[in-house]
Amino acid sequence: MIPRPDGGNRPAWSRKQRGNPVRLFRILALGASTLVLASACAAGGSATPAATAAAASAQPSQAASAAASPAVQSAPPSTAASAAASAATNTIAGQLAFGGPPECPQRPFCLIGLQKVYGLTFKSFVPLDAGGPLTVAALETGKVQVGLLFTSDPSIQVDGFVLLNDDRHLQASDNIAPVIRTAVLQAHPDIATLLNQISAKLTQAQLTSLNKQVTVDKSDPKDVARAWLQQNGFVPTGGSNKGTIVVGSTNFSEQLVLAELYSQQLEANGYTVTRKFNLGSREVVQPAIQSGQIDLYPEYLASLTEYLDNGAGLATTDPAKTSAVLAGLLKPKGESVLAYAPATDENGFVVTKATAQQYGLVNVSDLAKPAP
Amino acid sequence: MELAAHVLAWLTDPAHWQGADGIPVRIVQHVEASGVSVLAAAVIALPIGLAVGHSGRGGFVIGSVANLGRALPSFALLLMLIPVAVNLRLDFSTWPILGAMVLLAIPPMITNAHAGMREVDRDLVEAARGMGMSGAQVLLRLELPLALPVILTGMRLAAVQVVATYTLGAVAGGGGLGRYIYDGFARQDTPRMLAGAGLVALLAIATDVAFEVVARITAPHGLGAGERPGGTESVGRLIQESGV
Chain A
0 MIPRPDGGNR
10 PAWSRKQRGN
20 PVRLFRILAL
30 GASTLVLASA
40 CAAGGSATPA
50 ATAAAASAQP
60 SQAASAAASP
70 AVQSAPPSTA
80 ASAAASAATN
90 TIAGQLAFGG
100 PPECPQRPFC
110 LIGLQKVYGL
120 TFKSFVPLDA
130 GGPLTVAALE
140 TGKVQVGLLF
150 TSDPSIQVDG
160 FVLLNDDRHL
170 QASDNIAPVI
180 RTAVLQAHPD
190 IATLLNQISA
200 KLTQAQLTSL
210 NKQVTVDKSD
220 PKDVARAWLQ
230 QNGFVPTGGS
240 NKGTIVVGST
250 NFSEQLVLAE
260 LYSQQLEANG
270 YTVTRKFNLG
280 SREVVQPAIQ
290 SGQIDLYPEY
300 LASLTEYLDN
310 GAGLATTDPA
320 KTSAVLAGLL
330 KPKGESVLAY
340 APATDENGFV
350 VTKATAQQYG
360 LVNVSDLAKP
370 AP
Chain B
0 MELAAHVLAW
10 LTDPAHWQGA
20 DGIPVRIVQH
30 VEASGVSVLA
40 AAVIALPIGL
50 AVGHSGRGGF
60 VIGSVANLGR
70 ALPSFALLLM
80 LIPVAVNLRL
90 DFSTWPILGA
100 MVLLAIPPMI
110 TNAHAGMREV
120 DRDLVEAARG
130 MGMSGAQVLL
140 RLELPLALPV
150 ILTGMRLAAV
160 QVVATYTLGA
170 VAGGGGLGRY
180 IYDGFARQDT
190 PRMLAGAGLV
200 ALLAIATDVA
210 FEVVARITAP
220 HGLGAGERPG
230 GTESVGRLIQ
240 ESGV
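If you read the sequences in order, they're chains A and B. With the first letter of the first sequence counted as 1, position 232 gets the number 231 in numbering that gives the first Met the number 0; the numbers rise by one all the way through. With the first letter of the second sequence counted as 1, position 88 gets the number 87 in numbering that gives the first Met the number 0; the numbers rise by one all the way through.
Heads up, a few of these hints could be off.
Which chain B residues stay away from chain A? Per the calculated CB distances, all over 10 Å, these [what the hints assert, rightly or not]: (1) 159; (2) 185; (3) 188.
Here are the simulated SDA-like pairs of lysine to any residue, each with C-alpha atoms no more than 25 Å apart in a straight line [what the hints assert, rightly or not]: (4) A:275 x B:2; (5) A:122 x A:362; (6) A:122 x B:126; (7) A:332 x B:2; (8) A:122 x B:79; (9) A:211 x B:184; (10) A:200 x A:167; (11) A:122 x B:19; (12) A:241 x A:217; (13) A:217 x B:18.
No lab work stands behind these hints, which were simulated from the structure alone. Built from N, CA and C at the ideal position, the CB exists for glycine as well.
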């Protein structure tokens with residue numbers, strides 16, 4: 000068949016098929032507009048993101064970023080949040096976004112404590128990580144103005160953040176101490192002596208220095224731990240074939256160095272150590288030790304206490320008392336806590352230098368002052 | 000059973016259906032970001048797949064690249080793209096996950112677009128050329144309509160994967176239904192976590208069904224549902240219809 004110039008007798012299939020790609024585009028367009036409508040409905044009061052989303056077909060990227068920014072601003076957990084909202088916007092905190100770990104809204108040393116003890120309600124809460132690179136990046140890029148970092152975090156100094164003074168003592172004593180399975184401790188009582196020697200020498204300055212070597216100088220935690228043990232006069236006492244100990248850790252670098260310190264000290268004194276590091280958060284490590292998958296790991300007195308008592312507030316600012324309370328909570332779980340170090344790793348609330356200067360911030364309580 | 004009741008209670012709690020962390024907002028965020036990712040990936044993948052399929056050259060390269068792309072873990076991509084976004088001063092809760100999702104969606108679309116084009120019966124293409132159709136006419140009037148079901152299957156695979164995987168965005172502080180899963184884990188709130196996972200699964204199924212509907216509506220005339228394009232039966236029908 001020869002195509003004819005008039006097109007009047009074109010093959011039937013070519014006519015019938017022609018509509019299909021067009022129809023597909025129509026359907027896609029319909030889908031896109033439905034999407035825009037749906038987002039407009041959900042956005043409700045704030046019409047701006049929805050309006051930006053209307054440009055989705057032309058500039059999908061803009062729509063996504065506009066839609067995602069309210070996404071991360073989950074409301075504070077308190078039911079009084081909306082009632083307090085009008086009053087809160089008049090405070091400095093009410094103008095600032097707060098970034099912290101996703102569990103922060105439900106933790107007594109985090110948003111709950113900031114609300115109860117300091118009366119702070121922030122403009123928004125951005126769920127990030129537990130004092131990790133996301134929080135640092137969010138502070139640096141201005142995504143949040145106040146962030147939760149740990150007091151032993153070297154990036155506070157390196158990045159020039161201002162650690163706000165906890166002037167109303169929200170943070171309880173989060174001194175570092177090894178937690179061990181009681182059965183293992185009873186079988187190998189000398190482990191307590193070996194690890195207590197480490198805790199005795201671990202000061203705040205020492206801990207921050209260990210952290211800096213790993214996170215800033217990028218040294219291997221193994222080498223950092225070995226050097227520290229040598230410098231602090233730890234000498235192998237010999238002995239061999241004392242058995243195998245499984246040392247665990249959660250997934251941030253301080254835990255790796257601490258777990259390395261414990262591991263190398265045990266290895267230097269006749270134990271074989273299996274390392275199960277980077278296991279994740281406490282929610283992973285606690286079940287692991289309770290079920291006997293690990294034998295010991297580094298912990299923090301107050302945080303573990305509050306984890307075990309479901310935020311009942313049993314931890315205090317006194318490490319000796321908190322340690323005793325913790326021992327009582329650990330006992331039924333078949334765990335024991337060894338001697339704690341002077342070094343702490345507590346929640347610290349930091350702002351950038353620029354924010355501190357703009358609002359004149361020194362203490363955490365300054366955030367509750369009226370906004371300028 | 001008790002857990003199921005907790006999950007149900009969580010889902011039916013009116014407080015979880017309103018506000019910036021409410022289910023409707025999270026679903027819209029999820030659909031929106033997934034839709035943008037799939038559309039962006041389609042803009043990149045389909046022209047390449049169609050061009051290579053139409054020309055018949057470079058199929059091996061396409062296959063290799065797509066397979067390599069499939070092997071890339073989205074989680075690693077997400078984490079690797081975060082510092083990039085920070086350096087470019089882009090919102091690291093939005094862009095890295097979108098980048099990872101676009102890269103996740105490209106391989107299935109590219110391979111299916113290519114395969115769909117190659118499965119079109121060569122005799123039909125020859126016949127169309129013999130009748131004097133230009134390359135563009137062959138592509139738009141013959142190959143594309145016949146390959147459409149396979150292309151749509153690729154988009155469907157990509158969309159379902161993206162909807163399920165976009166949950167990772169919560170790790171970088173992003174929105175969507177992944178928030179419930181990640182926050183539920185962080186807060187030891189198992190009902191929240193399971194409700195989030197269930198909602199994602201439902202959304203993935205809904206996506207699958209939506210593409211099935213689109214596929215039925217756009218199925219080329221002369222092709223029964225589920226019939227392979229370019230098969231002898233369809234050729235016969237096409238020939239009958241064209242009156243050759």
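Check: Between residue 332 (chain A) and residue 2 (chain B), does the CA-CA distance stay at or below 25 Å?
Finding: This hinted pair holds, its Cα atoms lying about 23 Å apart.
Note to self: Verify this label for me: residue 188 (chain B) is non-interface relative to chain A, using a Cβ-Cβ cutoff of 10 Å.
What the structure shows: violated, 8 Å
Next item on the list: Would you mind confirming whether the straight-line C-alpha gap from residue 122 (chain A) to residue 19 (chain B) stays at or under 25 Å?
Entry: This hinted pair holds, its Cα atoms lying about 13 Å apart.
Item checked: Given pair status - residue 79 (chain B), residue 122 (chain A), alpha carbons within 25 Å -> Given pair residue 122 (chain A), residue 79 (chain B) is violated - Cα atoms ~30 Å apart, limit 25 Å.
Next item on the list: Verify the proposed pairing of residue 200 (chain A) with residue 167 (chain A), using a straight-line Cα cut of 25 Å.
Entry: Distance ~29 Å between residue 200 (chain A) and residue 167 (chain A) Cα, so the pair is violated.
Notebook entry, point to check: Is it true that the CA of residue 122 (chain A) sits at most 25 Å from the CA of residue 126 (chain B)?
Noted result: Given pair residue 122 (chain A), residue 126 (chain B) is violated - Cα atoms ~67 Å apart, limit 25 Å.
Next item on the list: Report holds if the minimum CB distance from residue 185 (chain B) to chain A is greater than 10 Å, and violated otherwise.
Entry: At about 4 Å from chain A, residue 185 (chain B) fails to clear the 10 Å cut-off, so the statement is violated.
Note to self: Is the claim that residue 159 (chain B) lies outside the interface with chain A correct, judged by CB distances over 10 Å?
What the structure shows: Consistent with the label, residue 159 (chain B) stays out of reach of chain A, its closest Cβ about 15 Å off (over 10 Å).
Item checked: Satisfaction of hint between residue 184 (chain B) and residue 211 (chain A), Cα-Cα up to 25 Å -> Judged against 25 Å, a Cα distance of about 29 Å means the pair is violated.
Check: Is the straight-line distance between the alpha-carbon of residue 122 (chain A) and that of residue 362 (chain A) 25 Å or less?
Finding: Holds, at about 19 Å.
Notebook entry, point to check: Taking only the CA atoms, is the gap from residue 275 (chain A) to residue 2 (chain B) under or equal to 25 Å?
Noted result: Given pair residue 275 (chain A), residue 2 (chain B) is violated - Cα atoms ~31 Å apart, limit 25 Å.
Checklist line | Given pair status - residue 217 (chain A), residue 241 (chain A), alpha carbons within 25 Å | finding: violated, 33 Å
Hint compliance for this structure: hints 2, 3, 4, 6, 8, 9, 10, 12 and 13 are broken, all remaining hints hold.
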